[in-house]
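Peer 1: Since the structure of chain A is already known, use the hints to place chain W on it.
Protein chains: 2
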Amino acid sequence: MNPLTKRSENYSKWYNEIVVRSGLAEFSGVRGFMILKPYGYSLWDRMKTILDKMLKLTGHQNVYFPLLIPKSLFSKEKEHTKIFSEGCAVITHSRLIKKNQEELIVDPDSKLQEELVIRPTSESIIWKTYKRWIQSYRDLPILFNQWGNALRWEMRTRLFLRTTEFLWQEGHTAHSTEKEAIEETIKILNIYTNFSEKFMAIPVLQGIKPYMDKFSGSEKTYCIEALMQDGKALQMGTSHFLGQNFSKAFDVTFTNFNGEKEYVWSTSWGVSTRLIGGLIMSHSDDKGLILPPKIAPIQVVIIPICYKKQHPPTSIHEISIKILNSLEKKGIRVKYDDKTIWTPGWKFHEYEMKGIPIRISIGKNEIQNEKVEIFRRDTCEKIYISWINLKNSIPKLLDEIQKNIYKKAVQRTQKLILKSDHYNDFKHKINHSGGFIFAHWDGTKNTGKKIQEETEATIRCIPISNEKEKGKCIYSGKPSLQRVIFSKSY
Amino acid sequence: MNPLTKRSENYSKWYNEIVVRSGLAEFSGVRGFMILKPYGYSLWDRMKTILDKMLKLTGHQNVYFPLLIPKSLFSKEKEHTKIFSEGCAVITHSRLIKKNQEELIVDPDSKLQEELVIRPTSESIIWKTYKRWIQSYRDLPILFNQWGNALRWEMRTRLFLRTTEFLWQEGHTAHSTEKEAIEETIKILNIYTNFSEKFMAIPVLQGIKPYMDKFSGSEKTYCIEALMQDGKALQMGTSHFLGQNFSKAFDVTFTNFNGEKEYVWSTSWGVSTRLIGGLIMSHSDDKGLILPPKIAPIQVVIIPICYKKQHPPTSIHEISIKILNSLEKKGIRVKYDDKTIWTPGWKFHEYEMKGIPIRISIGKNEIQNEKVEIFRRDTCEKIYISWINLKNSIPKLLDEIQKNIYKKAVQRTQKLILKSDHYNDFKHKINHSGGFIFAHWDGTKNTGKKIQEETEATIRCIPISNEKEKGKCIYSGKPSLQRVIFSKSY
Numbered sequence: 074m075n076p077l078t079k080r081s082e083n084y085s086k087w088y089n090e091i092v093v094r095s096g097l098a099e100f101s102g103v104r105g106f107m108i109l110k111p112y113g114y115s116l117w118d119r120m121k122t123i124l125d126k127m128l129k130l131t132g133h134q135n136v137y138f139p140l141l142i143p144k145s146l147f148s149k150e151k152e153h154t155k156i157f158s159e160g161c162a163v164i165t166h167s168r169l170i171k172k173n174q175e176e177l178i179v180d181p182d183s184k185l186q187e188e189l190v191i192r193p194t195s196e197s198i199i200w201k202t203y204k205r206w207i208q209s210y211r212d213l214p215i216l217f218n219q220w221g222n223a224l225r226w227e228m229r230t231r232l233f234l235r236t237t238e239f240l241w242q243e244g245h246t247a248h249s250t251e252k253e254a255i256e257e258t259i260k261i262l263n264i265y266t267n268f269s270e271k272f273m274a275i276p277v278l279q280g281i282k283p284y285m286d287k288f289s290g291s292e293k294t295y296c297i298e299a300l301m302q303d304g305k306a307l308q309m310g311t312s313h314f315l316g317q318n319f320s321k322a323f324d325v326t327f328t329n330f331n332g333e334k335e336y337v338w339s340t341s342w343g344v345s346t347r348l349i350g351g352l353i354m355s356h357s358d359d360k361g362l363i364l365p366p367k368i369a370p371i372q373v374v375i376i377p378i379c380y381k382k383q384h385p386p387t388s389i390h391e392i393s394i395k396i397l398n399s400l401e402k403k404g405i406r407v408k409y410d411d412k413t414i415w416t417p418g419w420k421f422h423e424y425e426m427k428g429i430p431i432r433i434s435i436g437k438n439e440i441q442n443e444k445v446e447i448f449r450r451d452t453c454e455k456i457y458i459s460w461i462n463l464k465n466s467i468p469k470l471l472d473e474i475q476k477n478i479y480k481k482a483v484q485r486t487q488k489l490i491l492k493s494d495h496y497n498d499f500k501h502k503i504n505h506s507g508g509f510i511f512a513h514w515d516g517t518k519n520t521g522k523k524i525q526e527e528t529e530a531t532i533r534c535i536p537i538s539n540e541k542e543k544g545k546c547i548y549s550g551k552p553s554l555q556r557v558i559f560s561k562s563y
Numbered sequence: 074m075n076p077l078t079k080r081s082e083n084y085s086k087w088y089n090e091i092v093v094r095s096g097l098a099e100f101s102g103v104r105g106f107m108i109l110k111p112y113g114y115s116l117w118d119r120m121k122t123i124l125d126k127m128l129k130l131t132g133h134q135n136v137y138f139p140l141l142i143p144k145s146l147f148s149k150e151k152e153h154t155k156i157f158s159e160g161c162a163v164i165t166h167s168r169l170i171k172k173n174q175e176e177l178i179v180d181p182d183s184k185l186q187e188e189l190v191i192r193p194t195s196e197s198i199i200w201k202t203y204k205r206w207i208q209s210y211r212d213l214p215i216l217f218n219q220w221g222n223a224l225r226w227e228m229r230t231r232l233f234l235r236t237t238e239f240l241w242q243e244g245h246t247a248h249s250t251e252k253e254a255i256e257e258t259i260k261i262l263n264i265y266t267n268f269s270e271k272f273m274a275i276p277v278l279q280g281i282k283p284y285m286d287k288f289s290g291s292e293k294t295y296c297i298e299a300l301m302q303d304g305k306a307l308q309m310g311t312s313h314f315l316g317q318n319f320s321k322a323f324d325v326t327f328t329n330f331n332g333e334k335e336y337v338w339s340t341s342w343g344v345s346t347r348l349i350g351g352l353i354m355s356h357s358d359d360k361g362l363i364l365p366p367k368i369a370p371i372q373v374v375i376i377p378i379c380y381k382k383q384h385p386p387t388s389i390h391e392i393s394i395k396i397l398n399s400l401e402k403k404g405i406r407v408k409y410d411d412k413t414i415w416t417p418g419w420k421f422h423e424y425e426m427k428g429i430p431i432r433i434s435i436g437k438n439e440i441q442n443e444k445v446e447i448f449r450r451d452t453c454e455k456i457y458i459s460w461i462n463l464k465n466s467i468p469k470l471l472d473e474i475q476k477n478i479y480k481k482a483v484q485r486t487q488k489l490i491l492k493s494d495h496y497n498d499f500k501h502k503i504n505h506s507g508g509f510i511f512a513h514w515d516g517t518k519n520t521g522k523k524i525q526e527e528t529e530a531t532i533r534c535i536p537i538s539n540e541k542e543k544g545k546c547i548y549s550g551k552p553s554l555q556r557v558i559f560s561k562s563y
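Chains as they are written, first to last, in the working numbering: chain A, 74 to 563; chain W, 74 to 563.
Isolated chain A (complex conformation) (with noise of 0.2 Å):
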């Protein structure tokens, strides 16, 4: 196998190459679709079920509504309809026929009455939906997510990071008070720190979008932000608090305490398989994925040590299943490979580049020690442990191993926040160091295009925790009241 491309030549080529050889995905024939192959759709299962179980404890519940809809109801919210009917999938007939007996033609027959649109998110669905079940206070909260796919059109597209459809979650509450739907709002921000951090392994910033960048139809966007081995910053996940702008556009109204009709209130909120290019990105280096091993969809794979297309001694293969079993008793994610195709060397690489976190391997002079030789994806390093350790020591090697690539990420990322007070010196850490830098702006939309055209960086968020800090701005020097967080990203 050629080695990768290393990220200080090409990163981009880099990221490209680890996504199709570590076989998480590959770009199918549709232009700007992509195929999630066995291991990268096993990642994303992975990372769903710990997210769907984090959210169900905090009360929320799955429902599934349709995948099109309507035109007429899609351009009930104004803003929002004009950023999502911008690239969408427009749907107009519901017939193909054959021309001459022979190519096949859309049927001017089955033209629609009136056009659907895929899903590029589904609040007007739902919200039209909501106005029927919600009456009462008794009706509210509700707190629904849903799991599924949504499409918008891409131009310039990557594996996982930009795709025209993607999958992802998406949630839609209403709630009695406005008070209520921000600390919804803030509940799931925290439940996305907690996923990327304590499972993904990705330290992020909590912010709140500039108002130009904010979810169309909402009144404010929390995110939080990671920052790239490139230093570049990646959006990981959105939670809007849309105030009662949907509940107005679609008049949905409920009966208070007292009596009173009032509008509902209402937040969304969405991470979708984008997040993969975040993993990949943060953790991964030139010989591959490394993946932490909360997340990773194998924990441990054992290889018996024996000559190409043969099978492994009687000993070696006893002791793999022994090994096996007694890891999967303890709830580990484990595989057995011993498929007689490939030699041991090319399976060492092979599990490398999937970032299985811990090999296993065992060859006579294991057989002969009482012990195997264990590889740590994260470190590179080998250590042995006797067989009758392994099955205390590997779940606390799994948690060391954890621990030690968020950690890695953290100092990673802690290097990289910077602050800049002069435009000059601003320019040069985004071109040279990149990262998070803090910077003060002076609340404009045209001060934002400006930076953006002259740096590529953009305003990425306001830091939950900002301090207030007066200062001028960077670029106009009029009076700014706080930094913000500027980077090029993804």
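Check each hint, because a few of them may be wrong.
[Stated by the list, open to error] Here are the computed lysine-lysine pairs in the DSS-like style, where the Cα-Cα straight-line distance is at most 27 Å:
| hint | chain 1 | residue 1 | chain 2 | residue 2 |
| --- | --- | --- | --- | --- |
| 1 | W | K469 | W | K121 |
| 2 | W | K184 | A | K172 |
| 3 | A | K184 | W | K184 |
| 4 | W | K204 | W | K287 |
Simulated from the structure, these hints should not be mistaken for lab results.
Since we're looking at a predicted model, the values are computed, not measured.
Peer 2: Coordinates of chain W only, in the frame set by chain A:
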């Protein structure tokens, strides 16, 4: 609450009411599209979890392919195209714009170079991809499955039974020999049968579809058919042996062990949210749903007996929580409903409607006697069990309920497995008792069509375990070698 329409009065109305009133699903504002509500989605999720495990244990892996299929791909396999192009969602444009600052219209400038179709099933996009993935016998078999949505335009829709968009799993496998592909087709048929009988408690007949009803593009379609309470059949799942049809249409060959090129053999198979329709119509009664414990999202509900708008007395609350915890420790899915806005009586009705297998109610009497009242939803019997026996009795009772529901369905079905040798008798049976009617058929499409026109009955399948038996076609009198199964169906 008004009682449900009785099955004996209007079966179809009863069905629609039960779906909505039990909180499983309802139609959305988009014609033919349904909304899976939390209870319906959790039921589907439970079914998914079980079936997914069965598929993984037999070596299948999950993947995800694009939602949209380019028209040119869609038209590769001729027979397949013919059927699915008749009712499909065709995407022709990628943008909506404002006309006169007001109405939202399709932007004519956004016309796609090639139209895209929402997958009615994914053979075409998958076989286009398999061409890239399959070169050698070493790449085979491919045993992939996909959980997702699909869309087929339907004129007459019914909740769960026939909806334009549906959720399902679709398996797509590739093999090096015909024998292996046929074995896979049968293996899946057996998995579906087990899933239906052991978990959903629905007895099924395994059969082969008559040639005119096979899946378009397949060589042979295997199916499982179940009998509903009104004597009509429901197709619960299909498993298709595709021969080399798709590998030829997409030119997918592999180099075999001897270095020769061959076309790949394949199968596809699926079950959908339609199964939930079968579940409802198999077991439920005039009081509401009856769910087999193994797939019930909630197996036991605990209801404290107290006045409306009052919290239960501490003694009742404490013992309820104790029971909740001890049952959850046993792996039972329990809900404790101490909401104060409803009376216990209202809750009793509600959970009977939802088909929760066991209801435990705890009031002052129960506290005094250290017993609880147990209500079995399947038989509507009440029994009393002392606290200390609960954690052993409940798992046993759940098993018993599962078995009883299945036994009832088997008995009901067996009574309606009928033979008929005369057309008048056949018509009488079809119209009065309904059921699976074993009768001789001359093997022609025309006879099948005539019988359907005159009786609404169709040939459900040729039973897989059929004994050869010479006879005369019930309609044409022409010779026949075996009986086939006729029934009205959903």
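Peer 1: Are the hints correct? Go through all of them and say.
Peer 2: Hint by hint, here is what the structure shows:
1. W/K469 <-> W/K121: OK: W/K469 and W/K121 at ~25 Å, within 27 Å.
2. W/K184 <-> A/K172: With a Cα-Cα distance of about 20 Å, the restraint between W/K184 and A/K172 holds, given a limit of 27 Å.
3. A/K184 <-> W/K184: Within the cut-off at roughly 15 Å; holds.
4. W/K204 <-> W/K287: holds, 25 Å
Violated hints are absent here; each numbered hint is respected by the structure.
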